[in-house]
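Novice: Just so you know, the protein sequences line up as chains A and B, in that order. Residue numbers for the first sequence follow our numbering, beginning at 1 and rising by one. Residue numbers for the second sequence follow our numbering, beginning at 1 and rising by one.
These are calculated hints, taken from the structure and not from any lab test. Since we're looking at a predicted model, the values are computed, not measured. Incorrect hints may appear among the rest.
Said to hold, decoys possible - Okay, the calculated beta carbon distance ranges per label pair: (1) B:Pro227 with A:Val392: 56 to 62 Å; (2) B:Lys107 with A:Lys36: 50 to 56 Å; (3) B:Lys69 with A:Gly26: 26 to 32 Å; (4) A:Lys353 with B:Asp29: 41 to 47 Å.
A virtual CB, placed ideally from N, CA and C, is assigned to each residue, including glycine.
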Amino acid sequence: MADFDVIVVGAGPAGSVASYLLAKRGYTVLTVERGKRPGAKNMFGGRLYSWSLERIFPEFWKEAPVEREVTKEVLGFLHGDRGVEIRLSTKPEGRSFTLLRAKFDQWLAEKAEDAGAEVISGFKVEGPLIRDGRVVGIVAEGDEEMGAEVVIAADGALSFMAEKAGLRPKLSKEDFAVGAKEVIELPKEVIEDRFGLSKDEGAAQLYVGDLTEGVIGGGFIYTNKESVSLGVVMRIGSLASKVSEVSTAMWEITEKFKSHPMIRRYLEGGKLVEYSAHIIPETQFMRGVKLYTDGMVVVGDAAGFCVNYGVTVRGMDFAIESARAAAEAVHHALESGDTSARSLSRYQEILSKGMLRELETARKAVDLMEDERLYSSIPRIAVKTLEHLFLVDDKPKENLYSFLRKELSEEGISLLSALLLGWKALRSM
Amino acid sequence: MDIAVLVKQSLDVQELRVDQDTGKIYIEDAPTKAGDIELNATEEAVRLKEKLGGKAIAIMLSTWGSSGKRQKEAREALTRVLAMGLDGAVLIMGEGAEKGDTYVIAKVLAEEIRDKFRLVLAAEGSEDNFSGLLPARLAAELGWPYVAYATAIEVEGDYVKVTRSLEDFEEVVKVKLPAVISVTQEINKPRVPKLVEIVKAKKKPMDQKDFSPHVEPKLVIRELKVPKVERKQIVIEGDVEEAAEKLIQALKEEGVL
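So here's chain A without its partners, still in its complex pose:
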């Protein structure tokens, strides 16, 4: 007899959701979190798309500690001290929320605890316990062994559980981005005023442009109740390939982003209350990552379920959905008394009917995101074109077509490839 039916490593959204669902079914669940508390040691931009969590807790936002419902989406292009913002206003329908993980993760973990899971924080798990080629539990710090029928690895982007179980190859720099984030406190009314928001509504704003010096990435701002989350994300592979050209350190780029005239006005008078930096998986969706083995499944960031389409950045919703699928598969495995890889393959089957298809679409978008022109030429052309349209001086105006042609050729982009880029963008969205 194992000590527990299920041991979940990590009490982030994926870990807590899996723990909750399995504890609710009556299984004995032990959830081990390395941080002092759930939500203490992760990094997260700021927004959760609701669909997957709503399947588990309908209208969860009425109870959960969310910050604001996103009703304003902004895509911005920055060039020098100028910029263009495209703004979409939507009605509040519960689609996505900004949140602070320190509070939110604790809420989810409490859900798991209330359902009967043992959640233990501040404890490090060294890796899976492997006997005769199958995972039979975990090895905790101090070489302590703890047995489980099934282990769920929800240990985040750098998952040692998945790596030590041989489920993921050694990942390379291409698989990751690096993010830096600040939380800046501002009074509620000031946030609502500056971002043009009604009460409890929020904005999600993403920016690309010369601030990343040609490196794939960009800046983000999410509004919370009484603070804004702001930061910069850059692809490590792209960063490394340009290391000789990029003269600025990550924190300096964050500073540059914050002091851009268009961004600065959102933040004036704010107080920096939190700073963090973390690695973000952009694993091209399981390139070589296996989701299950005998006695173990991998969920959330640990499985690389994190997507950056440029205008939408998603991780937490996929993490929660993968946890739901995993819990379903683990339940069937425990019920049938067969926790082999073959039995646990049901996890991937469930995913491939829904979420994995979505990830497939995202892969195409990511191919597009890899076009470095998006981060240098396009923002520049966008700003210059709108300036051309709006600004008036004493010189005669060129027509838009010949202006664009000239600008494109200055960037070394032919009209044809610009059209192709546009077509690719449309097709992948």
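Starting from the known structure of chain A, arrange chain B on it as the hints suggest.
Specialist: Positioned in the frame of chain A, the structure of chain B alone reads:
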């Protein structure tokens, strides 16, 4: 012989946020935990218990509010010390406890301890306030002898031999039980509980009681504020001799010289 260990729910001072401009301290936002020196007291209690038999019980009186968050943290802090080998815990919590001074708290704790324990172990000071007053007040309430700053404890029949670490020398004293002893961090190295011990600790008895003192506090805290450090921001210019002259003059004006 049953031992009581006083475990304070201390603010995690490393996570205490303050506003330098207004002097505000965000106490409600700061998490709490069992103080580090209380882990030493716990370790000593477990060692004595293992040698002499009897039970060792943690007693916590929570003074940072009684919200759901604080209850959860208090239970977590107690689980942590239970995992080290204590047999059970008593949590005293309730409205008004945050206004309790050491006078009130000593009275409440004394009631809880008087007929049940022969030895009380405490930290030489709590991790947040570090007044170091409570063990002495408690001993006075109980009418038991009190020994502070223990670096070694040995029970010999009805007596306990305590080595005290003082500034320039060590003192060995012998007192009759029952007694109250406060320990320093040098006394031992607290064990790190295993995962299985934490799991088991969650099932150990934890008795929650309401805070209901019969006395009023003698000390009233009006406000907690961050001390403000203001700089004069005087820039002295000129060549070396001239600047030195001005600097000396400025220092004289400030009364430094």
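Novice: The structure should be examined with respect to each hint, and the outcome stated for every one.
Specialist: Quick rundown of the hints versus the structure:
1. Taking 56 to 62 Å as the suggested C-beta distance range, the pair Pro227 (chain B) and Val392 (chain A) conforms, at roughly 58 Å.
2. Between Lys107 (chain B) and Lys36 (chain A) the CB atoms are about 34 Å apart, so this pair departs from the stated range of 50 to 56 Å.
3. The beta-carbon spacing between Lys69 (chain B) and Gly26 (chain A), approximately 28 Å, falls within the hinted interval of 26 to 32 Å.
4. Checked against the hint of 41 to 47 Å, the C-beta distance between Lys353 (chain A) and Asp29 (chain B) comes to roughly 43 Å, which is consistent with it.
In this structure, only the earlier hint numbered 2 is contradicted, and the remaining ones agree with it.
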